[in-house]
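Residue numbers (my numbering), protein chains in the order written: chain A, 858 to 993; chain B, 858 to 993; chain C, 858 to 993; chain D, 858 to 993; chain E, 858 to 993; chain F, 858 to 993.
No lab work stands behind these hints: they were computed from the structure. Hints may contain errors.
Which copy is meant is left open, so a pair is good if it fits within one copy or across any two.
Here are the computed lysine to any residue pairs in the SDA-like style, where the Cα-Cα straight-line distance is at most 20 Å [stated by the list, open to error]: (1) 951 to 863; (2) 865 to 950; (3) 881 to 864; (4) 951 to 864; (5) 865 to 911; (6) 951 to 868; (7) 865 to 900; (8) 885 to 868.
Each chain, written out:
Number of protein chains: 6
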Amino acid sequence: MSIWPVLKDEELSPRAAAVFADIKAVRKTDFINNFWRVLASDPALLARTWDSLKQVMAPGALDPQVKEMLYVAVSIANGCEYCIRSHTAAARAKGMSEAQLGELLAVVGMASETNRLATGLQVPVDEAFLPDPKTD
Amino acid sequence: MSIWPVLKDEELSPRAAAVFADIKAVRKTDFINNFWRVLASDPALLARTWDSLKQVMAPGALDPQVKEMLYVAVSIANGCEYCIRSHTAAARAKGMSEAQLGELLAVVGMASETNRLATGLQVPVDEAFLPDPKTD
Amino acid sequence: MSIWPVLKDEELSPRAAAVFADIKAVRKTDFINNFWRVLASDPALLARTWDSLKQVMAPGALDPQVKEMLYVAVSIANGCEYCIRSHTAAARAKGMSEAQLGELLAVVGMASETNRLATGLQVPVDEAFLPDPKTD
Amino acid sequence: MSIWPVLKDEELSPRAAAVFADIKAVRKTDFINNFWRVLASDPALLARTWDSLKQVMAPGALDPQVKEMLYVAVSIANGCEYCIRSHTAAARAKGMSEAQLGELLAVVGMASETNRLATGLQVPVDEAFLPDPKTD
Amino acid sequence: MSIWPVLKDEELSPRAAAVFADIKAVRKTDFINNFWRVLASDPALLARTWDSLKQVMAPGALDPQVKEMLYVAVSIANGCEYCIRSHTAAARAKGMSEAQLGELLAVVGMASETNRLATGLQVPVDEAFLPDPKTD
Amino acid sequence: MSIWPVLKDEELSPRAAAVFADIKAVRKTDFINNFWRVLASDPALLARTWDSLKQVMAPGALDPQVKEMLYVAVSIANGCEYCIRSHTAAARAKGMSEAQLGELLAVVGMASETNRLATGLQVPVDEAFLPDPKTD
Numbered sequence: 858m859s860i861w862p863v864l865k866d867e868e869l870s871p872r873a874a875a876v877f878a879d880i881k882a883v884r885k886t887d888f889i890n891n892f893w894r895v896l897a898s899d900p901a902l903l904a905r906t907w908d909s910l911k912q913v914m915a916p917g918a919l920d921p922q923v924k925e926m927l928y929v930a931v932s933i934a935n936g937c938e939y940c941i942r943s944h945t946a947a948a949r950a951k952g953m954s955e956a957q958l959g960e961l962l963a964v965v966g967m968a969s970e971t972n973r974l975a976t977g978l979q980v981p982v983d984e985a986f987l988p989d990p991k992t993d
Numbered sequence: 858m859s860i861w862p863v864l865k866d867e868e869l870s871p872r873a874a875a876v877f878a879d880i881k882a883v884r885k886t887d888f889i890n891n892f893w894r895v896l897a898s899d900p901a902l903l904a905r906t907w908d909s910l911k912q913v914m915a916p917g918a919l920d921p922q923v924k925e926m927l928y929v930a931v932s933i934a935n936g937c938e939y940c941i942r943s944h945t946a947a948a949r950a951k952g953m954s955e956a957q958l959g960e961l962l963a964v965v966g967m968a969s970e971t972n973r974l975a976t977g978l979q980v981p982v983d984e985a986f987l988p989d990p991k992t993d
Numbered sequence: 858m859s860i861w862p863v864l865k866d867e868e869l870s871p872r873a874a875a876v877f878a879d880i881k882a883v884r885k886t887d888f889i890n891n892f893w894r895v896l897a898s899d900p901a902l903l904a905r906t907w908d909s910l911k912q913v914m915a916p917g918a919l920d921p922q923v924k925e926m927l928y929v930a931v932s933i934a935n936g937c938e939y940c941i942r943s944h945t946a947a948a949r950a951k952g953m954s955e956a957q958l959g960e961l962l963a964v965v966g967m968a969s970e971t972n973r974l975a976t977g978l979q980v981p982v983d984e985a986f987l988p989d990p991k992t993d
Numbered sequence: 858m859s860i861w862p863v864l865k866d867e868e869l870s871p872r873a874a875a876v877f878a879d880i881k882a883v884r885k886t887d888f889i890n891n892f893w894r895v896l897a898s899d900p901a902l903l904a905r906t907w908d909s910l911k912q913v914m915a916p917g918a919l920d921p922q923v924k925e926m927l928y929v930a931v932s933i934a935n936g937c938e939y940c941i942r943s944h945t946a947a948a949r950a951k952g953m954s955e956a957q958l959g960e961l962l963a964v965v966g967m968a969s970e971t972n973r974l975a976t977g978l979q980v981p982v983d984e985a986f987l988p989d990p991k992t993d
Numbered sequence: 858m859s860i861w862p863v864l865k866d867e868e869l870s871p872r873a874a875a876v877f878a879d880i881k882a883v884r885k886t887d888f889i890n891n892f893w894r895v896l897a898s899d900p901a902l903l904a905r906t907w908d909s910l911k912q913v914m915a916p917g918a919l920d921p922q923v924k925e926m927l928y929v930a931v932s933i934a935n936g937c938e939y940c941i942r943s944h945t946a947a948a949r950a951k952g953m954s955e956a957q958l959g960e961l962l963a964v965v966g967m968a969s970e971t972n973r974l975a976t977g978l979q980v981p982v983d984e985a986f987l988p989d990p991k992t993d
Numbered sequence: 858m859s860i861w862p863v864l865k866d867e868e869l870s871p872r873a874a875a876v877f878a879d880i881k882a883v884r885k886t887d888f889i890n891n892f893w894r895v896l897a898s899d900p901a902l903l904a905r906t907w908d909s910l911k912q913v914m915a916p917g918a919l920d921p922q923v924k925e926m927l928y929v930a931v932s933i934a935n936g937c938e939y940c941i942r943s944h945t946a947a948a949r950a951k952g953m954s955e956a957q958l959g960e961l962l963a964v965v966g967m968a969s970e971t972n973r974l975a976t977g978l979q980v981p982v983d984e985a986f987l988p989d990p991k992t993d
C-alpha cells in the first residue's frame, strides 16, 4: 500500500499517459513498473523523473550493464528495497551473471567497511590523491 | 590529524611491516597510502582488512575498473571523502575516463533521487521483480 | 511484530499511563499510535521522547504544517517507513495538499541528487557562503 | 581542491556558458557558485542538473523559503557540507530567520532520533496510517 | 567557521549561561566544548538538548564507557566528524583503551559490511529472531 | 523472498558445507540463520564473510555482549532490519537486559540527534579533541 495509488492505464491523466507511451517506446516493452504508476499521480514529477532517467541510463561512455550495477550498489547503500529489486532485475536482463552480482555485493560490503574505518579514524587524504593545485 | 598516527615505515611492528610488504608486492608499487599507515596501529585490524580487500578487488567476473567505480559510488553514498578521493584516483589509474566519471556521478545522483522517491511513496515491489517462489 | 510489544492501555505502568494522558490532552484525541505503545515498555525513554517532541513540534517561528513536512523529508532521507507514514498522515491532517506533497518529494529527491554530486566532486565551499570571520 | 576544477568564465565550453547565462537570468544575479563551476566540466550533467533544479525550486504549491528549508534538512541528513552551507545561505536570502533555523534544526534532530527509535524497535505501522485499500 | 558563532562566556544570554553552569557542575570541569557554544545562540534548543543528553548519558543499566562507545559507533555510521572526535575523546577519558577502540572500529566496519550484504540480498528474517506472537 | 535462495543443507556446495560446519562448531549450535544460507550461493563470499566475522566477534579487549550491542547500534543507524533483529537476539542471548536495550536505544537516538545538530551547524572541532601534533 503506497502513499499514492498504483494507477491503472485507464486512470492516467493525458500527460501521464504520454510519459507511459514514451517509456514503452524507449524500453521496447508494454510493462510499466509500479514506480512510474505511483509517480503518475503527479504528472510533472513523473515527466521530469523519466526524462532525467532516460538521459542518464542511455548508452554512453559506460556500458548499460555497468550503469545498472552502479544503480544497484547505490540503492543498497541508500537502503531502498524497491530500487534494489527493480535494478537487480534490470541488471540481470542486461547480462549480469550471478558471479558478477556476488562480486558487486562483495565490493559494496567491503567499501562500506573501509568507509567506516576511514571515517572513524579520520584518515588524512594523501597528497598523491589531491588534484595538482597548479592546474586547478 | 587522524585519531591514530600516520605511521612511518620505521615505526611499524613486525606484523604490520609484513602486511606492508604484501601490499607493495601485490600492487607492484612502493607507495603505501595513509589508510594503511593509520590502520597499522592495530596490526590485527590491518591484516584482516588488507586480506579481505585483496580478495575482493582481485580480477574475477568483474573488470577491475568496474570494481573501482562501484567502490567510488558506494563511498559517495556513504559520504567518505578519503575513500572518494583514493578510489577515484585508483579508478583513473585503471583507465576510467573523465566522461565515464561524469556518467558514474550522474547514475549515483539519479539513483539517490529515485531511491528517495520510491521510499517516500512506499512503492510496492512488482511481482515481476520477485524471485519465483517455486524455485526459492 | 516489534522488538518490544505494542502495549494496550491496561498493560501500562503508571508512569507510562501518565504520559499517554498528556499525549491525549495535547493532541486533543484518544488515539495513541504504535510508536508510543512500543516505547511504553521503557517509561523513562517514553517520557523523555514525548517531552522533547512536544516542545519541538509546538507552534513557534515555523508553521506546524512546515514542521511536519520537514519531519517527513528527514524520515525519507533516513529511510524510516513508520516515520514516513505517520508524519505524512500528520502533515495531511495539518493541511498539506497532494500537490504540496509532490513538491516536497521533488525537493527531497533533487537535494539527494545534488548532495551526491557535491560530495562526489568534493566541491569547495564558496567564500560567499561562509560566515564573516570578523563577526565569528 | 575539487575532483574537477572550478572553471572560470573564460574556460567554459559554449554549452556550459549557455547554462551559466540561464542561471544568471533566472536568479537575477551575476554570481555563479562553485557547484555549477565544477559541474561545468561535463556540460550534459550541468545542463540536466540545472534544468531539473530550476523546475523543482520554481514557485508552486510550496513557498520558495519552505523549499529551501526542506533542502537544508535533507542535506543535513545526507551529510553534505557544501549543500548545507549553500542552501542555508539561500534560505536566509529568502527570509528564513535565525529562530526559524533553530526550529528547523530541532525538527531535523528530533526526527533523526525518533527515526532510529522506530527502526530500532521495528514498530509496526498503525492501520490508521495506511491508505484505504478499497481506494488503492 | 560554523553557521552560528562560537559564543564566548561574556556573550551568553542568562538562560544559556545557566545551562553552561549546569554542564560545568555535572561534568565537574570548567571546559565547555564548541558544540554547546554554538547551540547557545538558541537557548531553548541548548537547554532541551543538554537536558536530554544529561539523562541519556547518566549512570544506569549500561556502563558510562559503553555508552560513549555506542555514541562513537553511531557517529561513525552517521558520518559526523565533530561527534566522532568529541566522543572518542570522552570514551578515552572514561577508560577506553586503544585495543578497545580497535575492536570497536572492527565491529563498526564489519556491521556495515554485513548490513549491506543482508540488504542487498534482501535476506528474510528467521522465525527464531521474531518475537513470539502469543506474547506480543 | 530473497534475491538468492535460502539454501537447505542438502543444496550446499562442498565449500559452503565446510563453512557451515565451522559455524556450527564455533557457535556450538546446529542452527544456521538465513544470512548464511543466502550467502551460500557464493561460497567465496560466504567463506570470507564468516572468516572475518569470526575474528571480529571473538573474545578480546571488549566484552562479547558489548560487541553485539555495538553491532545493533550500527545496524539501526544503517537501517538494516535483518541485522537489527538477528543481533538484538544475539545480544539478548549474551545477557543484554531489556533495561540495557532501552539505554542502547536512547544513546542511538540521542547520538543521531546531536550528529545532525553538529553537522547542520558545522561546529568546528575543539583543539582539545585533536591529537597532539607533536606526537603525530
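Structure-based check of each hint:
{"no.": "1", "hint": "951 to 863", "in the structure": "neither (26 Å within a copy, 25 Å between copies)"}
{"no.": "2", "hint": "865 to 950", "in the structure": "neither (25 Å within a copy, 27 Å between copies)"}
{"no.": "3", "hint": "881 to 864", "in the structure": "within (16 Å within a copy, 37 Å between copies)"}
{"no.": "4", "hint": "951 to 864", "in the structure": "neither (27 Å within a copy, 26 Å between copies)"}
{"no.": "5", "hint": "865 to 911", "in the structure": "neither (22 Å within a copy, 30 Å between copies)"}
{"no.": "6", "hint": "951 to 868", "in the structure": "neither (31 Å within a copy, 28 Å between copies)"}
{"no.": "7", "hint": "865 to 900", "in the structure": "within (14 Å within a copy, 38 Å between copies)"}
{"no.": "8", "hint": "885 to 868", "in the structure": "neither (22 Å within a copy, 38 Å between copies)"}
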